[in-house]
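Visitor: Each chain is listed here by its residues.
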Amino acid sequence: MEISEYVNPEGLRIDGRRRKELRKIEIEMGKLEQVDGSALFVEGFTRVMASVCGPKEVENRSKAVEDKAFISVEFLSATFSTRKRTKMSKKDRRVLEICSIIRKTFEPVLQLELFPESEISIFIQVLQADGGVESACINAVTLALIDAGIPMIDFVCSCTGTYLDSFCILDTNFIEETAGGSILIAAILAKSKKVVSTQMKISRLKMENFTELLELVVDGCSRIYDLMEDATRKRTKEQLNSQTALIK
Amino acid sequence: MNKKIIIPGERIGKASEYESGKGTYINNNYIYSSQLGKIKIESKQTGKKIIEIENKQETAISKIPKIGDKVTCKVIKINPRLIKVHIYCVEEKQLNEPFFGIILTHDIKSTEIDKIKVENCFKPNDVILAEVISLGESRSFSYYLSTAKDDLGVILSINSDGFFLFPYSDSEMICHENQSKEKRKVAILKK
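Just so you know, the sequences run in chain order E and V. Numbering follows numbering that gives the first Met the number 0, in which position 139 of the first sequence is assigned residue number 138; successive positions increment by one, without gaps. Numbering follows numbering that gives the first Met the number 0, in which position 186 of the second sequence is assigned residue number 185; successive positions increment by one, without gaps.
Treat the hints as calculated values from the structure; they're not laboratory data. For clarity, every value in this text was computed on a predicted model and none was experimentally measured. Note that beta-carbon positions come from the ideal geometry of N, C-alpha and C, so glycine has one too. Keep in mind that the hints are not guaranteed to be accurate.
[Stated by the list, open to error] In silico lysine-lysine, DSS-like type, Cα no more than 27 Å apart, as pairs:
| id | chain 1 | residue 1 | chain 2 | residue 2 |
| --- | --- | --- | --- | --- |
| 1 | E | Lys236 | V | Lys92 |
| 2 | E | Lys233 | V | Lys39 |
| 3 | V | Lys65 | E | Lys30 |
| 4 | E | Lys67 | V | Lys3 |
| 5 | V | Lys3 | E | Lys236 |
| 6 | E | Lys67 | V | Lys65 |
| 7 | E | Lys62 | V | Lys76 |
| 8 | E | Lys62 | E | Lys90 |
| 9 | V | Lys13 | E | Lys192 |
| 10 | V | Lys37 | E | Lys193 |
| 11 | E | Lys236 | V | Lys83 |
| 12 | V | Lys21 | E | Lys233 |
| 13 | V | Lys182 | V | Lys122 |
| 14 | E | Lys190 | V | Lys48 |
| 15 | V | Lys83 | E | Lys193 |
| 16 | V | Lys83 | E | Lys67 |
| 17 | V | Lys21 | E | Lys67 |
| 18 | V | Lys21 | E | Lys192 |
| 19 | V | Lys69 | E | Lys193 |
| 20 | V | Lys3 | V | Lys37 |
| 21 | V | Lys76 | E | Lys190 |
| 22 | E | Lys233 | V | Lys182 |
| 23 | E | Lys192 | V | Lys37 |
| 24 | V | Lys39 | E | Lys236 |
| 25 | V | Lys83 | E | Lys62 |
| 26 | V | Lys13 | E | Lys190 |
| 27 | E | Lys190 | V | Lys21 |
| 28 | E | Lys30 | V | Lys37 |
| 29 | V | Lys3 | E | Lys193 |
| 30 | V | Lys92 | E | Lys190 |
| 31 | V | Lys3 | E | Lys103 |
| 32 | V | Lys92 | E | Lys67 |
[Claimed, not checked] Simulated coverage check for chain E against chain V, where a stretch passes if three residues somewhere in it have a Cβ under 8 Å from a Cβ of chain V:
| id | segment |
| --- | --- |
| 33 | 54-60 |
| 34 | 114-126 |
| 35 | 147-161 |
| 36 | 186-197 |
| 37 | 227-239 |
This is chain E alone, in the form it adopts within the complex (with noise of 0.2 Å):
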């Protein structure tokens, strides 16, 4: 398919959205019993799930940190969750990519010292891939992070933004991602608003151009922040209710 505007006149995108419009974003927390935290993070056709186990003891024990917390990273992309259906493997070079931008966004974050020489394991599922892949990831990550009630010192959003025909454009599909355009990833702490990490890719951009970039995404950032912020509290409210509920 030829696209000749990813942006038209009227500002609207291909799939109808203006150029600062997120998609919608569902979030549900604690679905799966086996683990002790886990969260599912849907933004679009986006879909990724995350659970998260530990702290355990270390399975691998040449990796074991001995004042801190290890972090394992283990990310599956399910072989019908992309347009080609290949089956990624575990050496591919984006899986390491992402469990590298992971675990570096979450070792600040987390209180690792509180758990001396034991290990965080993380597991990522993508079940549907349509771009915003590693900020759907982190975010999935911090929901699951905080059910499983791991002691950390901030919220984690993060957005994926792209500069395209000469637009900055916010929350990118699949198509706008494979554009050609340079794509940029941002995870902040939302109540302190800093940037914990920043992914670039096909860097050729102003500086100008960047600084708009990296404030529209933070801006995203930020009201993603708002709609976990809610989940969060709507389902601690539900625990809360259902155990005096029990009691009763």
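Position chain V against the provided structure of chain E, taking the given hints into account.
Guide: For chain V alone, coordinates are given in the frame of chain E:
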């Protein structure tokens, strides 16, 4: 009482007014929360108020053994030098998967340390109560436990015929079916 639900990263008080408790941390003279839950303020006798986040769900912190915790374990292997155990419970919290623990021979009893014979104290599959005395070295990866107290030792045991053994004295257990006695380091539980 404030019933608001607190999420991680929220500012909940000044460090000069309160002391930081469970589920909170201090940054730049303010106390922030690090967990999901409700605020609970406890005042100490010294006048200081402790602020902590209360969550009825079992949180991750409580599931890791600390020094001084009483743990419930199962004996896996014995040899003359040490006993290997699996830790299944920390205080009253059940673990999802066991931790490994080691009891060295001289930590079994507090008296007559030189004369201890491991086979007279524990058998594989015994359920024992023990106390964590060390978190272990970086290489060994097991918690060091001790049963050198009266209320620590075997609490549940089954003999070779498949019958339960009951405490008889502090060093013996008896089977009510055939009146046979076996030697164990028995925990004397106070009611």
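Visitor: Now look at each hint and say whether the structure bears it out.
Guide: Hints, one by one, checked against the model:
As the CA atoms of Lys236/E and Lys92/V are separated by approximately 24 Å, the hinted pair is consistent with the 27 Å bound. Between Lys233/E and Lys39/V the CA atoms are separated by roughly 20 Å; this keeps the pair inside 27 Å, and the hint holds. For the hint linking Lys65/V to Lys30/E, the alpha-carbon distance of about 30 Å lies beyond 27 Å, and the restraint is violated. Using a Cα cut-off of 27 Å, the hinted pair Lys67/E and Lys3/V is violated, with the two alpha carbons roughly 32 Å apart.
Pair hint Lys3/V plus Lys236/E holds up; C-alpha atoms about 10 Å apart against a cutoff of 27 Å. Between Lys67/E and Lys65/V the alpha-carbon distance is near 14 Å, which keeps this suggested pair within the 27 Å criterion. With a C-alpha separation of about 26 Å, the suggested pair Lys62/E and Lys76/V falls inside the 27 Å cut-off, and the hint holds. Restraint check for Lys62/E and Lys90/E: the C-alpha separation of about 18 Å stays at or below 27 Å, so the hint holds.
The suggested pairing of Lys13/V with Lys192/E holds, with an alpha-carbon distance near 20 Å, which does not exceed 27 Å. This hinted pair checks out: Lys37/V and Lys193/E have alpha carbons roughly 25 Å apart, not beyond 27 Å. A hinted pair counts as satisfied when its Cα atoms are at most 27 Å apart, and Lys236/E with Lys83/V does not qualify at roughly 43 Å. Restraint check: the Cα-Cα separation between Lys21/V and Lys233/E comes to about 23 Å, which is no more than 27 Å; the hinted pair holds.
Under the criterion of a C-alpha separation no larger than 27 Å, the hint pairing Lys182/V with Lys122/V is consistent with the structure, at around 10 Å. For the suggested pair Lys190/E and Lys48/V, the alpha carbons sit about 25 Å apart, so the restraint of at most 27 Å is met. With a C-alpha separation of about 47 Å, the suggested pair Lys83/V and Lys193/E falls outside the 27 Å cut-off, and the hint is violated. Straight-line distance between C-alpha atoms of Lys83/V and Lys67/E comes to about 24 Å, which keeps the hinted pair within the 27 Å bound.
Of the supplied pair hints, the one linking Lys21/V and Lys67/E holds, its CA atoms being roughly 18 Å apart against a limit of 27 Å. Of the pairs offered as hints, the one joining Lys21/V and Lys192/E holds, with about 25 Å between alpha carbons and a cut-off of 27 Å not exceeded. For the hint linking Lys69/V to Lys193/E, the alpha-carbon distance of about 41 Å lies beyond 27 Å, and the restraint is violated. Proposed proximity of Lys3/V and Lys37/V is supported: the alpha carbons are some 6 Å apart, at most 27 Å.
Between the alpha carbons of Lys76/V and Lys190/E the distance comes to roughly 50 Å, so the proposed pair goes past 27 Å and is violated. Under the criterion of a C-alpha separation no larger than 27 Å, the hint pairing Lys233/E with Lys182/V is inconsistent with the structure, at around 56 Å. For the suggested pair Lys192/E and Lys37/V, the alpha carbons sit about 24 Å apart, so the restraint of at most 27 Å is met. Simply put, Lys39/V and Lys236/E have alpha-carbon atoms about 16 Å apart, close enough for the 27 Å limit, and the pair holds.
Proximity of Lys83/V to Lys62/E is assessed by CA-CA distance (about 23 Å); at most 27 Å being required, the pair is judged to hold. At roughly 16 Å between alpha-carbon atoms, Lys13/V and Lys190/E fall within 27 Å of each other, so this suggested pair holds. Under the criterion of a C-alpha separation no larger than 27 Å, the hint pairing Lys190/E with Lys21/V is consistent with the structure, at around 20 Å. With a CA separation close to 22 Å, the supplied pair Lys30/E and Lys37/V stays within the 27 Å bound.
At most 27 Å may separate the alpha-carbon atoms for a hinted pair to count; Lys3/V and Lys193/E meet this at roughly 25 Å. Straight-line distance between C-alpha atoms of Lys92/V and Lys190/E comes to about 32 Å, which puts the hinted pair past the 27 Å bound. Restraint check for Lys3/V and Lys103/E: not satisfied, since their Cα atoms lie roughly 32 Å apart, outside the 27 Å limit. Restraint check for Lys92/V and Lys67/E: satisfied, since their Cα atoms lie roughly 22 Å apart, inside the 27 Å limit.
Counting residues of the segment 54-60 of chain E whose beta-carbon sits less than 8 Å from any beta-carbon of chain V gives 5, enough to reach three: the coverage restraint holds. With 4 residues carrying a beta carbon less than 8 Å from a beta carbon of chain V, the segment 114-126 of chain E meets the three-residue requirement, and the given coverage holds. Only when three residues or more bring their CB closer than 8 Å to a CB of chain V does the claim for the segment 147-161 of chain E stand; here the count is 8, and the claim holds. Counting residues of the segment 186-197 of chain E whose CB lies closer than 8 Å to any CB of chain V gives 4, which reaches the minimum of 3, so the coverage claim holds.
Chain V is given as covering the segment 227-239 of chain E, and this holds because 7 residues of the stretch bring a CB closer than 8 Å to a CB of that chain, at least three being needed.
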